[in-house]
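Asker: Chains S and Y supply the protein sequences, listed in that same order.
The numbering of the first sequence is the working numbering, which starts it at 5 and goes up by one.
The numbering of the second sequence is the working numbering, which starts it at 1010 and goes up by one.
Heads up, a few of these hints could be off.
What the hints assert, rightly or not - Taking CB as the label site, the calculated pair distances span:
1. Y:Thr-1032 to S:Ser-165: 26 to 36 Å
2. Y:Leu-1089 to S:Val-193: 22 to 32 Å
3. S:Leu-34 to Y:Arg-1141: 53 to 63 Å
4. Y:Leu-1089 to S:Gly-145: 30 to 40 Å
5. S:Asp-97 to Y:Gln-1135: 22 to 32 Å
6. Y:Gln-1135 to S:Gln-63: 18 to 28 Å
7. Y:Ala-1126 to S:Val-19: 38 to 48 Å
8. Y:Leu-1089 to S:Glu-94: 42 to 52 Å
9. Y:Pro-1113 to S:Ala-36: 57 to 67 Å
10. S:Gly-111 to Y:Gly-1095: 42 to 52 Å
11. S:Gly-145 to Y:Glu-1140: 44 to 54 Å
12. Y:Thr-1087 to S:Gln-119: 42 to 52 Å
13. S:Gly-90 to Y:Asp-1094: 43 to 53 Å
14. Y:Ala-1126 to S:Gly-111: 33 to 43 Å
Just so you know, the hints here were simulated from the structure itself, not pulled from any lab data.
Predicted model, so just to flag it, every value in this text is computed and none were measured.
Glycine included, each C-beta is placed from N, C-alpha and C at the ideal position.
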Amino acid sequence: MNRQSGFTLVELTLVASLLAMVMAGIATFLSAATTSIRLDDNVAVAMESLQRSAIRVSQVMRPCSISTYRVLSTAADVPLTAAAAGEWIEPVDGESRAAIQFRSATGALSLNAEQLTDPRGFRLEVETGETANGADDDNDGMVDEGRLMMNYDGIPVALASNLEAATFTLNGRLLTITLQSAARTRAGVMQRFVANEVLYLRNN
Amino acid sequence: MVELLTGMVIAVLLIGAALVGVTQHQSQRRVHGEQILAMSACRNMLETLRSVDMATLPTLEGQGFEVIGQNGEARGLTPLQGDADGMAGEIHVTPHARSQTSNPLYVVTARVRWRGATRGGNFAMQTLMGERR
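Next comes chain S alone, as it looks inside the complex (with noise of 0.2 Å):
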């Protein structure tokens, strides 16, 4: 009689079964750690992204003319510095304001700020489904989230969006702009952060 050598069909269904028994707790463990590659990535990335929008924000501003620096009173302004909420005064030294207006050297003339751009501006506008009252009204997470728009020319422009805050710090000729946004972490909490950017501005 002749023996063949082999497995048997019992023999390979036990083997099969035992790879895919394996081959799944390979596949959950790498699906997990994809997962949290990535919600780790989108607290990082975000973070980077507003570093970027301080950045821009400021490059925007370096040609400011800080005698033409205005900042949008509120109705604590009143009366004592405006006569109505929503006028362009004169800022208070170390004062943070969330909406700014300014012109800018025109960059014409190298060195010289006589030649002035149109009125440019920053404002954060809290987004649709949010209102500017401390709470998260639409559950996300974020506290009167919105965009920060740019006034450019008479072009409003969306430079960053997902902010909870923008503001913007006079001290002298120092300028502080802080903006703060959050990202849901692994653990799914909220993790806020901060990107700070501090500007000389040396055009009268």
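Add chain Y to chain S, keeping to what the hints say.
Answerer: The following block gives chain Y in isolation, referenced to the frame of chain S:
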């Protein structure tokens, strides 16, 4: 049996490699985050120094500065052990080779040394500062 054991060893090695990769990725994220903080602090410090009077600039040699954290906290990076002033940042001001009494020119360096995700992180930015004519 031999093939099965071989396969399982390979599977374990694959899982181990993936685990190491994930850990390294998260570690690199931390390192990168700290480097961004250091870079931002150096950039902001050099910008702040633009407002300093040229006559007082040399007196800032060796002065320390804090690195603001990612949440806006006052101390974002831990200084190295034995740091003299307990601040991760440091300013260095040295006269440039072409500096003249009538026209001073300085090499200004903002440096941050810290410990955190790495045993010792180091970042520096350098610029020239002189009187604008």
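Asker: Now tell me if each hint is right for this structure.
Answerer: Cross-check of the supplied hints:
Checked against the hint of 26 to 36 Å, the C-beta distance between Thr-1032 (chain Y) and Ser-165 (chain S) comes to roughly 32 Å, which is consistent with it. The beta-carbon spacing between Leu-1089 (chain Y) and Val-193 (chain S), approximately 31 Å, falls within the hinted interval of 22 to 32 Å. Between Leu-34 (chain S) and Arg-1141 (chain Y) the C-beta distance comes to about 58 Å, which sits within the given range of 53 to 63 Å. In this structure, Leu-1089 (chain Y) and Gly-145 (chain S) meet the distance hint of 30 to 40 Å, their C-beta atoms being roughly 36 Å apart.
At about 30 Å, the beta-carbon gap between Asp-97 (chain S) and Gln-1135 (chain Y) stays in the expected band of 22 to 32 Å. A beta carbon spacing of about 21 Å between Gln-1135 (chain Y) and Gln-63 (chain S) agrees with the range 18 to 28 Å that was offered as a hint. One distance hint, 38 to 48 Å for the beta-carbon pair Ala-1126 (chain Y) and Val-19 (chain S), holds here, with the actual separation near 44 Å. Checking the proposed 42 to 52 Å range against Leu-1089 (chain Y) and Glu-94 (chain S) shows it holds: the Cβ atoms sit about 44 Å from each other.
At about 60 Å, the beta-carbon gap between Pro-1113 (chain Y) and Ala-36 (chain S) stays in the expected band of 57 to 67 Å. Evaluation of the 42 to 52 Å hint for Gly-111 (chain S) and Gly-1095 (chain Y) yields a pass: the beta carbon distance comes to about 43 Å. Look at Gly-145 (chain S) against Glu-1140 (chain Y): about 50 Å separates their beta carbons, and that is inside 44 to 54 Å. In this structure the hint that Thr-1087 (chain Y) and Gln-119 (chain S) lie 42 to 52 Å apart at CB holds, the actual value being about 48 Å.
A C-beta distance of roughly 46 Å is found between Gly-90 (chain S) and Asp-1094 (chain Y), which places it inside the suggested range of 43 to 53 Å. A C-beta distance of roughly 41 Å is found between Ala-1126 (chain Y) and Gly-111 (chain S), which places it inside the suggested range of 33 to 43 Å.
Every hint, counting from the list given before, is met by this structure.
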